[in-house]
Amino acid sequence: MRRLRGKLSPYLLSLPSWVYLLMFFLIPLGSMLGMALATGDPLDGYTMSDNFQEFVDAFTNYQDTFYRSFWYGTASTVATLLLAYPVAYWIAFHAGRYKSSFLFLIMLPFFVSFVIRVEAWQFILADEGFIFGPLKSIGLLPQNFHVLSTQWAVIGGLVYNSFAYYVLPLYVVLEKIDRRLVRAANDLYASPPTAFVKIVLPLSAPGVFAGFLLVFVTNVGDFVNADILGGPGTYMIGNVIQDAFFVNQDYPMAAALSSMLMLMLMIAILLYSKAFGTDAIQEYAA
Amino acid sequence: MNATSLPRHDVRLENVMKQFGPWVAVNNISLTINGGEFFSLLGPSGCGKSTTLSMIGGFETPNSGGIYLGGEDVSRLPPYKRDVNTVFQSYALFPHLDIFENVAFGLRRKGLPKAEIQNRTHEMLNLVDLTNFAKRKPGQLSGGQQQRVALARALVNRPKLLLLDEPLGALDLKLRKQMQFELKRIQNEIGITFLFVTHDQEEAMAMSDRLAVMSRGQIEQVGTPAEVYDHPATEFVASFLGASNLIPGEVTARDDDITSVKLEDGAMVKLPSTALKIYGKSVKIGVRPEKFQIITGTETPEPGWNEIEAISGVSVYLGVSHQYVMTSRSGRQLSVYEQNSGRDSPLAPGTTVRLAWNPAHTFAVAYDPTKADGE
Numbered sequence: 001m002r003r004l005r006g007k008l009s010p011y012l013l014s015l016p017s018w019v020y021l022l023m024f025f026l027i028p029l030g031s032m033l034g035m036a037l038a039t040g041d042p043l044d045g046y047t048m049s050d051n052f053q054e055f056v057d058a059f060t061n062y063q064d065t066f067y068r069s070f071w072y073g074t075a076s077t078v079a080t081l082l083l084a085y086p087v088a089y090w091i092a093f094h095a096g097r098y099k100s101s102f103l104f105l106i107m108l109p110f111f112v113s114f115v116i117r118v119e120a121w122q123f124i125l126a127d128e129g130f131i132f133g134p135l136k137s138i139g140l141l142p143q144n145f146h147v148l149s150t151q152w153a154v155i156g157g158l159v160y161n162s163f164a165y166y167v168l169p170l171y172v173v174l175e176k177i178d179r180r181l182v183r184a185a186n187d188l189y190a191s192p193p194t195a196f197v198k199i200v201l202p203l204s205a206p207g208v209f210a211g212f213l214l215v216f217v218t219n220v221g222d223f224v225n226a227d228i229l230g231g232p233g234t235y236m237i238g239n240v241i242q243d244a245f246f247v248n249q250d251y252p253m254a255a256a257l258s259s260m261l262m263l264m265l266m267i268a269i270l271l272y273s274k275a276f277g278t279d280a281i282q283e284y285a286a
Numbered sequence: 001m002n003a004t005s006l007p008r009h010d011v012r013l014e015n016v017m018k019q020f021g022p023w024v025a026v027n028n029i030s031l032t033i034n035g036g037e038f039f040s041l042l043g044p045s046g047c048g049k050s051t052t053l054s055m056i057g058g059f060e061t062p063n064s065g066g067i068y069l070g071g072e073d074v075s076r077l078p079p080y081k082r083d084v085n086t087v088f089q090s091y092a093l094f095p096h097l098d099i100f101e102n103v104a105f106g107l108r109r110k111g112l113p114k115a116e117i118q119n120r121t122h123e124m125l126n127l128v129d130l131t132n133f134a135k136r137k138p139g140q141l142s143g144g145q146q147q148r149v150a151l152a153r154a155l156v157n158r159p160k161l162l163l164l165d166e167p168l169g170a171l172d173l174k175l176r177k178q179m180q181f182e183l184k185r186i187q188n189e190i191g192i193t194f195l196f197v198t199h200d201q202e203e204a205m206a207m208s209d210r211l212a213v214m215s216r217g218q219i220e221q222v223g224t225p226a227e228v229y230d231h232p233a234t235e236f237v238a239s240f241l242g243a244s245n246l247i248p249g250e251v252t253a254r255d256d257d258i259t260s261v262k263l264e265d266g267a268m269v270k271l272p273s274t275a276l277k278i279y280g281k282s283v284k285i286g287v288r289p290e291k292f293q294i295i296t297g298t299e300t301p302e303p304g305w306n307e308i309e310a311i312s313g314v315s316v317y318l319g320v321s322h323q324y325v326m327t328s329r330s331g332r333q334l335s336v337y338e339q340n341s342g343r344d345s346p347l348a349p350g351t352t353v354r355l356a357w358n359p360a361h362t363f364a365v366a367y368d369p370t371k372a373d374g375e
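One line per chain: the protein sequences are A and B, in this order. Anchor point for the first sequence: position 4 equals 4 in my numbering, and the numbering is continuous, going up by one each time. Anchor point for the second sequence: position 357 equals 357 in my numbering, and the numbering is continuous, going up by one each time.
It should be emphasised that the hints constitute simulated quantities derived from the structure, not laboratory data. Hints may be right or wrong, so weigh each one.
The calculated lysine-lysine pairs, modelled on BS3-like cross-linking and capped at a C-alpha distance of 30 Å, are [claimed, not checked]:
#  : chain 1 : residue 1 : chain 2 : residue 2
1  : B       : Lys291    : B       : Lys174
2  : B       : Lys184    : B       : Lys135
3  : B       : Lys174    : B       : Lys135
4  : B       : Lys174    : B       : Lys137
5  : B       : Lys184    : B       : Lys81
6  : A       : Lys176    : B       : Lys110
7  : B       : Lys184    : B       : Lys137
8  : A       : Lys274    : B       : Lys135
9  : A       : Lys176    : B       : Lys135
10 : A       : Lys176    : B       : Lys137
11 : B       : Lys81     : A       : Lys176
12 : B       : Lys177    : B       : Lys291
13 : A       : Lys274    : B       : Lys137
14 : B       : Lys281    : B       : Lys270
If we take Cβ atoms under 7 Å as the criterion, some of the chain B residues that face chain A in the derived model are [to be verified]:
#  : residue
15 : Tyr80
16 : Ala92
17 : Gly106
Covered stretches of chain A (in silico footprint by chain B; criterion: 3 or more residues with CB under 8 Å from a CB of chain B, positions within the stretch not fixed) [stated by the list, open to error]:
#  : stretch
18 : 176–185
19 : 196–210
C-beta atoms are modelled at their ideal positions from N, C-alpha and C, and glycine is treated no differently.
Same shape as in the complex, but just chain A:
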């Protein structure tokens, strides 16, 4: 009896999580897929059907928006990586006993609501705001110069909001790298830049990989940045889903779009893992 309980205890301990996942993930996921195939409207109710046409429409009607979302997602993730890596590297290798203070500073803006932070950027980037206004009045920028409602404002917003989420996984792997390895590489005729490329970079690949997934998936599906900082030309798939759901109340379309997005992200992640699996990156470095 005791042995049986011993064997069962890992499952019993994880039971609450399984129940939670079932109730709040699997069931909604199933009902979303079901809704995507349903026909009807909010007033008369929905009936189950095999309306696969909804998926075809979702893709053909919003093809450009899907492309745009993936472009914004990729561009913002790469830009975040390029900004976050040096910061994480510096904190891990050179901040000494102030490491946690700097990490805290990086986390600090995230104690403020996401929407408020994006609104703040709208204020900063405003056409006649406190940055561009004076620059325009002294003639450094042309009068029709604007950043808001361009794709750069949206990508910039995405980069800003995902910065800390990339710094943290990078910091975790960089912090673990044994500094004596760099010393050994220097001893074996590797200059500091070479030692970085051959030792530090490959050893930090798991953090680059993890952070990329975390940030990319979040950014592709984002709608707040495009909503507040963007314009009509910067609609992302998240905005379309939000409109379909809350504005048009076309639930089957919203569900079909969501399912499509999920499927595409899964395919993208799979291809990404195949191409840049951490093992591959590490072997490449040799």
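Using the hints provided, position chain B relative to the given structure of chain A.
Just chain B now, with coordinates in the frame of chain A:
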């Protein structure tokens, strides 16, 4: 590798000084290591031996003084431009590269042709007996094997000087003894100058052609293991290398051959004048515990030997010897080892004995009676 054709390079340190803030880690040391020599820096932790090694490797820059490698001043060269390689205490193998790539790392950085990298790496893996492990990652190897990879990774570059930073410290005793022989064998085979840093005096004595004993940032003595053991120049060296009995006394007579010293308990002893390199009146004479002969009753020592009286105390039986703690007439504790041959049972505590020893086995170090004993 063709051993005999490798040129041998000497290493010279001239008045090298290194400070970290107010702390003087290495205080004005000068040292010459001959080409092809197995040289050890020996000392307790914090004595400056590792800092000295770091400066020779290029990881620290001396505040003043020069480091010359085969006649060339390398004091200001960064580590990656020095023809010096290091076997690190922690091995510092690259965890993401396999054993072959770990060993080939230096050759690749030098940009050698692919075929030569292949040949030299395989040759070196063969030398350390790891050919079958070329495709493994360091994490899949035992401590002893990792140690050999670290050695191969450094030696494959045929440096002018190999630095070994306590490389055997992480191994268990048996493996350690085995690696000591391995290291000697490999050094003989390839003839590169080895500079070995350790705090283990037995290890340094067993492996070195010559060694330097360091303390508080300074070199106390340089010599062959036998010279340093038999004739320690300072009290620190005498006590750091093995056990020794040091007894204060005063020089009463001195000529070219023999010096006479009156010990604190009144006994008169003689030692060769060549063993006394100091000219003050106060000295401490030293005798290693195994040099004593215990004389009881009416036995007489060999003619001309020194002799003092002592009372035997507790003894420890160690198989090869009995180790006694005895007390001299002046109350000083003496350590005496007697070979396990002859006496059937150890001396009973409280027995009065005489300790005799050959004057040639006596050494002397400076002694300042105004300072507290043992300082």
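*Violated hints, by number in ascending order, as checked against the structure*: When the structure is compared with the hints, none of them turns out to be violated.
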